[in-house]
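Chemist: Listed below, chain by chain, are the residues.
Protein chains: 2
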Amino acid sequence: MLNERNPIPVSEAVKRVTGFYKKGETEYIPLTNAHQRILADDLKADHDVPPFDRSPYDGYALRSADTTEVTEHNPKILEVVGHIGAGSVHHEHVANNQVVRIMTGAPIPDGADAVIMLEDTTTFEQDGRTYVTVRKSLQHQQNISFQGEDVGEGSVLVNKGTVINPGIVALLATFGYAQVPVTKKPVIGVIATGSELLEVDQPLEQGKIRNSNAYMIMAQLERAGAIPKYYGQLPDDLSESLEKISEVMKEVDFVVTTGGVSVGDYDLLPEIYHQIGAEVLFNKVAMRPGSVTTVAAIDDRLLYGLSGNPSACYVGFELFVRPIIDHYLAKETIGMQQEQAILAADFSKANPFDRFVRGRYQVKNGQLVAEPTGKDKSNMVHSLAKANCFIQLPGGTEGYKKGDQVTIHLLGE
Amino acid sequence: MLNERNPIPVSEAVKRVTGFYKKGETEYIPLTNAHQRILADDLKADHDVPPFDRSPYDGYALRSADTTEVTEHNPKILEVVGHIGAGSVHHEHVANNQVVRIMTGAPIPDGADAVIMLEDTTTFEQDGRTYVTVRKSLQHQQNISFQGEDVGEGSVLVNKGTVINPGIVALLATFGYAQVPVTKKPVIGVIATGSELLEVDQPLEQGKIRNSNAYMIMAQLERAGAIPKYYGQLPDDLSESLEKISEVMKEVDFVVTTGGVSVGDYDLLPEIYHQIGAEVLFNKVAMRPGSVTTVAAIDDRLLYGLSGNPSACYVGFELFVRPIIDHYLAKETIGMQQEQAILAADFSKANPFDRFVRGRYQVKNGQLVAEPTGKDKSNMVHSLAKANCFIQLPGGTEGYKKGDQVTIHLLGE
Chain A
1 MLNERNPIPV SEAVKRVTGF YKKGETEYIP LTNAHQRILA DDLKADHDVP
51 PFDRSPYDGY ALRSADTTEV TEHNPKILEV VGHIGAGSVH HEHVANNQVV
101 RIMTGAPIPD GADAVIMLED TTTFEQDGRT YVTVRKSLQH QQNISFQGED
151 VGEGSVLVNK GTVINPGIVA LLATFGYAQV PVTKKPVIGV IATGSELLEV
201 DQPLEQGKIR NSNAYMIMAQ LERAGAIPKY YGQLPDDLSE SLEKISEVMK
251 EVDFVVTTGG VSVGDYDLLP EIYHQIGAEV LFNKVAMRPG SVTTVAAIDD
301 RLLYGLSGNP SACYVGFELF VRPIIDHYLA KETIGMQQEQ AILAADFSKA
351 NPFDRFVRGR YQVKNGQLVA EPTGKDKSNM VHSLAKANCF IQLPGGTEGY
401 KKGDQVTIHL LGE
Chain B
1 MLNERNPIPV SEAVKRVTGF YKKGETEYIP LTNAHQRILA DDLKADHDVP
51 PFDRSPYDGY ALRSADTTEV TEHNPKILEV VGHIGAGSVH HEHVANNQVV
101 RIMTGAPIPD GADAVIMLED TTTFEQDGRT YVTVRKSLQH QQNISFQGED
151 VGEGSVLVNK GTVINPGIVA LLATFGYAQV PVTKKPVIGV IATGSELLEV
201 DQPLEQGKIR NSNAYMIMAQ LERAGAIPKY YGQLPDDLSE SLEKISEVMK
251 EVDFVVTTGG VSVGDYDLLP EIYHQIGAEV LFNKVAMRPG SVTTVAAIDD
301 RLLYGLSGNP SACYVGFELF VRPIIDHYLA KETIGMQQEQ AILAADFSKA
351 NPFDRFVRGR YQVKNGQLVA EPTGKDKSNM VHSLAKANCF IQLPGGTEGY
401 KKGDQVTIHL LGE
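Chains A and B, in that order, give the protein sequences.
With UniProt numbering as the guide, the letters of the first sequence map in order to residues 1 to 413.
With UniProt numbering as the guide, the letters of the second sequence map in order to residues 1 to 413.
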């Protein structure tokens, strides 16, 4: 299995992968489950907002013409002829020198054309009738929220492909989306390979380590909006691995394996790809870590062979698996958000390949600054815990200095 | 119910609320459910990483002393006496002029003190034995990952109070946390008040609007890491509301109501607080929107009375409910992250109160810039959908200009 491998640029590798994307179906889910899901149709207003002319204040609805001459020193007394709570309607016409007590959000009664705030009035009773003293003049249409002034019926408020946040939930509720159209989450199979792996609950043994990559990948899948399905660990045994992977391929949308893609004698995946008739899209990428990342395809199904090295596995996931999930979910934005930042520490290692250094960015006085989260030994899981971005350092240079501008890829923590 | 209300500053309101915080208990959950939960104990290494001296490469373990004179032009032939796959152990001592084939991650056999990479060797067979030709000299301890060099046994890797991300999941797996100690999520009751409210699946009626606040609050609760429990809508009826709220208070950690806290005739919450013996911590805050936000306490339980206005409700939640959830979860950081940003548009309205404008920030050439997401009419739900921050504009000024530096509060989208 010691085939020659030709590294391809990261951008080319991403392109080959996204050529195989498929979009998930639409499903309808209850509004209470919709937060963080991806909207599958445009969100449209089924009515005007406000749905009728309404009062923005607690106060009195009146005819502005009745207040023309009114001032602090020339108050006027008007009769209170009704009372509208929010949710109720006043059916009589408001006549000259009449007012109707109105609550915030209640519909303006017929005949009235303005609202005076409660604070600008005083009330009194006389002979079983209620009166209000007003001390200011109101303009025609003053203090009225007009039908449709916020949102017109039929307008598109949120585009499909958007992640549903609490503000969008409020819009969905307002427009009667008790069931919300969202894109189905892809189900992605996860398999760890390597006879050196112990499960998390097993005690350590000489020569072995606990499987951490599969759990990390499952968390990365969740963060990306997919449903991970764990199929356990495979020993370095060709026929057993072949059988398992063929079986898993039938049950899920994509498969991610970790380990088994280097050039060692026990790295079986290349042989497995060959035997199940998968087309290898690439098996070497010009980057560090993760250069041995391999992706193969059978029909429209992708089989990701991520490195067994935790950092390489992590980077390979975010660069090559995440965009496929974003495509599947039909998200508006694909892949990690990229920004410019100032490097906060020297990074002296030169490299012929692009480097994706695990880093942490912060905002200092409104400016993004980023620094590596640890020594960049590729076997160090430690630095992943603090990372909230990758710092991309293009290859072929003499290293980078504190203060240099760099591109960072946000992990979405 | 037209009591005098004295507005207090936002910071004072937050202080009064956090005085009532309580911390959630620790619960143990399976590792596969731990992503995004809050670590309740420090994460400690139960063993060294690597747990033994191991090979970082596929290659041959050898005695460096055997390669002292070796160069490209003065190669040396050594005998291959064994084969160590990852996960297995070589038990014989490696003697002079012997090498052992070794996989990435496998333990260095006794007697060997360096590893030569596979690429720097060639092999051949002769008389049934296997030999390797080496063409470079190795240093003592070259290409060995030493026991404990990444992480020493007993060291604290992640502090309690940290949000568990995929990198931390990898650490938890490595150190055998099949069950993970996390802080229990608080259960928070949500009640909408107001006779004008229709449920989401009801058709519109004159004078009524669909309840959007309760659903928005439930999504905000989820985003903050709490479990929302919805108790439906209450009409503006004192005895019914009193009974319901008293009942709900017994079942949850905190209660959030929306609506019913203004000074209108149907705003019953002040009377309810009085009748159930709740101490009102404040009922007016010097801010816009959300000035009528009310918080009351019975024993150690808080009762939040958020405004019925969607924007005011949203802001009141993030400023006053979210810190209590963060405290309950014992998070390392409490409340919204605050940063400095450049205002990208004029905001001309002056205000005696602090204003929290719904905004959207972006990074432009490494610099945070923020602008309001819509007209700032407080009844506009629309602008919440795009908001990813609040832009804080201190009161008492003549408005703000494009280019001004402002404080923004990140919503964590």
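You may find that some hints are simply not true.
Same chains, same label: a pair holds when it works inside one copy or across any pair of copies.
Derived lysine to any residue pairs resembling SDA-like cross-links, with alpha carbons at most 20 Å apart [said to hold, decoys possible]: (1) K402 with A297; (2) K136 with Q179; (3) K22 with T68; (4) K229 with V163; (5) K386 with G152; (6) K386 with S239; (7) K15 with P203; (8) K229 with Q179; (9) K349 with H73; (10) K364 with G412; (11) K284 with P56; (12) K331 with G412; (13) K364 with H409; (14) K364 with L410; (15) K284 with P235; (16) K401 with R129; (17) K386 with F282; (18) K349 with A65; (19) K76 with M249.
Simulated from the structure, these hints should not be mistaken for laboratory data.
Chemist: Taking the hints in turn, state whether each one holds.
Modeler: Status of the hints after comparison with the structure:
Proximity of K402 and A297 under a CA criterion of 20 Å is satisfied in neither setting, with 42 Å inside one chain copy and 51 Å between copies. For a Cα distance limit of 20 Å, the shortest separation of K136 from Q179 qualifies neither inside one copy, at 48 Å, nor across copies, at 68 Å. For the identical chains of this complex, K22 and T68 are neighbours neither inside a copy (66 Å) nor across copies (57 Å), given an alpha-carbon limit of 20 Å. For the homomeric pair K229 and V163, neither the shortest alpha-carbon distance inside one copy (23 Å) nor that between copies (23 Å) is at most 20 Å.
Taking the closest pair of Cα atoms, K386 and G152 come within 20 Å of each other only across two copies (18 Å); inside a single copy the shortest separation is 46 Å, beyond that limit. Proximity of K386 to S239 under the C-alpha cut-off of 20 Å is found in neither arrangement, the shortest distances being 39 Å within a copy and 52 Å between copies. Taking the shortest Cα distances, K15 and P203 never come within 20 Å of each other, neither inside one copy (42 Å) nor across copies (47 Å). In this assembly of identical chains, K229 and Q179 lie within 20 Å of each other by CA distance solely across copies; the values are 19 Å between and 26 Å within a copy.
In the homo-oligomer, the alpha carbons of K349 and H73 never lie at most 20 Å apart, since the shortest distance is 81 Å inside one protomer and 29 Å across protomers. Taking CA atoms no more than 20 Å apart as the test, K364 paired with G412 passes in both settings, with 19 Å inside one copy and 18 Å between copies. Within a single copy, K284 and P56 get their C-alpha atoms only as close as 63 Å, which misses the 20 Å cut-off; across copies the closest is 19 Å, which meets it. In this assembly of identical chains, K331 and G412 lie within 20 Å of each other by CA distance both inside one copy and across copies; the values are 15 Å within and 18 Å between.
In this assembly of identical chains, the alpha carbons of K364 and H409 lie at most 20 Å apart whether taken from the same copy (18 Å) or from different copies (14 Å). Both within a single protomer and between protomers do K364 and L410 lie at most 20 Å apart by alpha-carbon distance, with minima of 16 Å and 14 Å respectively. Neither within a single protomer nor between protomers do K284 and P235 lie at most 20 Å apart by alpha-carbon distance, with minima of 23 Å and 65 Å respectively. Taking the shortest alpha-carbon separations for K401 and R129, neither the intra-copy value of 82 Å nor the inter-copy value of 52 Å comes in at or below 20 Å.
Taking identical chains as interchangeable, the C-alpha atoms of K386 and F282 are never at most 20 Å apart, the minima being 30 Å within one chain and 39 Å between chains. For the identical chains of this complex, K349 and A65 are neighbours neither inside a copy (79 Å) nor across copies (29 Å), given an alpha-carbon limit of 20 Å. Taking the shortest Cα distances, K76 and M249 never come within 20 Å of each other, neither inside one copy (81 Å) nor across copies (47 Å).
The structure fails hints 1, 2, 3, 4, 6, 7, 9, 15, 16, 17, 18 and 19 (numbered hints given earlier, in ascending order).
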